[in-house]
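Let the hints inform the model, and build the full structure from the sequences given.
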Amino acid sequence: MIQMIEIKNVSMGFEDSKKGSGTVALNEVRLTVPEGCIFGFLGSNGAGKSTLMRLMSGIYRPWSGDILIDGEPVFDNPAAKEKLFFVNDETTQFSGYTPEDLKFFYKGAYAGFSDTVFERIMKSLELPLDKRLSTFSKGMKRQTVVALALAAQTKYLFFDEAFDGLDPAMRRIVKNLITDEIIERGATLVVSSHNITEISELCDRAMLLHKGELIFSDELDNLRTGFTKVQLVIRDSSLSDEGLKQQIAALGLELMQMSVVGSVRQLIIRAGENETLEKLSQLPTSMIETIPLTLEEIFIYELEVRGYGSTDFITED
Amino acid sequence: MAALTSSQRIKAYSKALSRNTGKARMLIIVLCALGCILMLFHVITVGAANSHYRDLLDLAIIPLLAAAGSGLLLAAPMFKELYNRQYADVEFSLPITASERFRAKLLSMVRFHLLPLLGAEALFLAITPFNVEDWAGYKPYLMICLSLLITAIFVDAAAVFCVSCCGSLAECIYTTPLLIAGITLLPIFFANFFIIQPARLSADGIAFALASGQMPWCATVLGLDSELDRLTDYVGLGATLLLALLLILAAYRIYLKRDGLQTGRPVVFPAFKWFIASLALTDVILLFLFNGVYYSILFGLLVFMGLLFLIARGRVSVFTLAKWFGVYLGIFLCCLLTGSIAYKTGGFGYSRVRPDSSCAYQYARLDITSEKEDKEYYYVFHAGGYDLDSMREIADIISDNRIEPKFFDDVFNSKGRYDYIVNDNIRTRAYLYIEADYPARGYEINVQITEEGVTKLKELIDRLHPSETSISSYLYSEVYE
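Sequence lines, in order, name chains W and A. Using the working numbering, read the first sequence as starting at 1 and increasing by one per residue. Using the working numbering, read the second sequence as starting at 1 and increasing by one per residue.
To be clear, the hints were calculated from the coordinates, so they are not data collected in a lab. Ideal Cβ positions, reconstructed from N, Cα and C, are used throughout, including at glycine. Among the hints, a few may not be true.
What the hints assert, rightly or not - To spell it out: a stretch of chain A is covered by chain W in this simulated footprint if at least three of its residues, at any positions, have a beta carbon under 8 Å from a beta carbon of chain W; those stretches are:
(1) 165-176
(2) 256-264
Stated by the list, open to error - Calculated pairs, BS3-like style, for lysine-lysine (alpha carbon to alpha carbon, straight line, at most 25 Å):
(3) LYS8(W) <-> LYS83(W)
(4) LYS131(W) <-> LYS15(A)
(5) LYS131(W) <-> LYS23(A)
(6) LYS11(A) <-> LYS83(W)
(7) LYS23(A) <-> LYS107(W)
(8) LYS257(A) <-> LYS83(W)
(9) LYS344(A) <-> LYS107(W)
Claimed, not checked - Over 10 Å on every C-beta distance to chain W, these chain A residues come out as not near it, computed from the model:
(10) SER14
(11) LEU73
(12) ASP134
(13) LEU301
(14) LEU329
Given below as structure tokens:
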């Protein structure tokens, strides 16, 4: 039996019934989420991250393509859905419920729901079981939902902007709680976020969506090794930026970004470190060195190449 | 852990939903308990036969009627995922199929709405036999309970149907009463306007039978005096139940088509928008056609356009307005066309569907009210044992001498137009009520005739029945000034 989530050529959009037309939210997306990983969904605003996650949870029906959980289609299929738990980006639902009520609610839906796990997590987070969620802060509500998600004991957990509303200390506690639980159970976590630092800390795999198109999807280590950031000084000071770009292209390298500080030029090249240094050494340089590249830079440059501003991304230092 | 079976999922989920409707459930239980106590109080203290205490019975029915209508309050929170995005995210991602989810919610509606009502009725019906003398005394109470139960099922079905088609809470709230009223009134209006009026009959009994059948609580509230055990009532109750089942079936099919994407949208299926608006428009047209075509045009337009404007949430273009107006004209013309056919055919032949000639009328009553010089004269004639032809002749004289024009009389220059010029200070109104041996065929002719017409009628009756059994001999001498 196939143990993973497969997204096969999925397209989906939002119809405008008045105009009889629609907006494509996802276009032919192909993606595989292997079992046991922590997978990050990254993308610009309106890229389709939440839509994809809702499709994976069986909330939306795709226009075309298939979404399979362990080989089974997810839409309207309890056999597939009992393996997943979706936490959306809102905390306004169930405000009239107490955590105890919610436990009861989810127990009615998930056969494997564990009272013990739920009560243990709620206790560790010092959350009351008998007070209505309407009296909780946003962070407390989010923690409660996380506790419910973990107590449902599902194989796949989908968190859409799950850490919003948590202060940095609580964010760390909740993240540790989630990672401990899922590592212990060998579960798979899919997280979407604008926060690249968070994704890079938490995930071992990630993908980038932009305007409904999948830009790339890979292990983070592979992503990092696929790009090289170098700074160099060209001996021939008369060589213009345009001339340098042409020479780099002639070497068979894809230049993603170039910035100039005095005589030093900083380049982001889509290639491995060795290949980049080997090829750039053919240029008349007086100094060349690589500098560490963050995941954030990779994503920002990927989006900038596609004409998207970088202001939507937040870096947490 | 073992996966749940479908029925286990439905049961477990239905149980879990109980937390979502706490206040509505409490209200239903309180109303049922109150209604049951008041009904029992009525039966125990005054008994079924004592008509002086009808008010008490009506009072007792009100809480039960409110409980029966509480499906309106229950359906919206029960199907919250259809108009609330956050709930949609939760419920559509749960490991339960759409079909199971729908059935679980229906099961919850039954548990939280119908069971308390049924329990209250069962308790009442179990105690009542000790306080009434016979079956005849018990039966009206049984019929009340049955009517209320079927009303509750019908309201639930209508509410679930509406919530399945709508994408927002407000739409669920205003479309459900519209649907209930529209469906209830349409057969009554249709029968009155397209069958009874064109047949030149005014049969309140028939309209009432339709009303009580389509909406059993009408019969219940309007009184035990109506014969609730009439065939038409059973047919009406059955039709209401069938209609409720059809609505549930339609709601089920619609629910299966939905996913989280439709949540929060204006009326999700355009067909529902046109159905509700057309139903409301047809009702309004027929309602106001009794008073004149101009009222129909005006109020029909206001209701139709207003409703579509509301559903569209105010987002309309000139093209949309033109389209709506075209549909409005189409429906209006359809009503007029149906009316003209009905008028030409005597209510689609209803005027000819009367008891055959072998059927002797058991009873006839002619009421004549005459206003003359600010005084009102009231004559009542009672008679029995007429043959069909004689009664038809009487009916034709009255019909031919009517002075009150109807819309289609003017439009189609039909037989019913008046022939006599009315003296300004003399107005005479005659009612002929004829009851056949088969009550469902009983009808009433409601016309205004001239004083001369009354004289002709008296002469005719005397000519038809010169013997001592003639109608004149039954003159009650009830002349009031």
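We went through each hint and held it up to the structure:
1. 165-176: This one is violated; 0 residues, fewer than the three required, reach chain W with a Cβ under 8 Å.
2. 256-264: holds (count 3)
3. LYS8(W) <-> LYS83(W): holds (19 Å)
4. LYS131(W) <-> LYS15(A): holds (21 Å)
5. LYS131(W) <-> LYS23(A): holds (18 Å)
6. LYS11(A) <-> LYS83(W): holds (20 Å)
7. LYS23(A) <-> LYS107(W): Measuring from Cα to Cα gives roughly 22 Å; hence the hint holds.
8. LYS257(A) <-> LYS83(W): holds (24 Å)
9. LYS344(A) <-> LYS107(W): With a Cα-Cα distance of about 66 Å, the restraint between LYS344(A) and LYS107(W) is violated, given a limit of 25 Å.
10. SER14: Not fine: 8 Å to the nearest Cβ puts SER14(A) too close to chain W.
11. LEU73: holds (15 Å)
12. ASP134: Holds: least Cβ distance 49 Å, greater than 10 Å.
13. LEU301: LEU301(A) is indeed farther than 10 Å from all Cβ atoms of chain W, at 23 Å.
14. LEU329: About 22 Å separates LEU329(A) from the closest Cβ of chain W, which puts it past 10 Å; holds.
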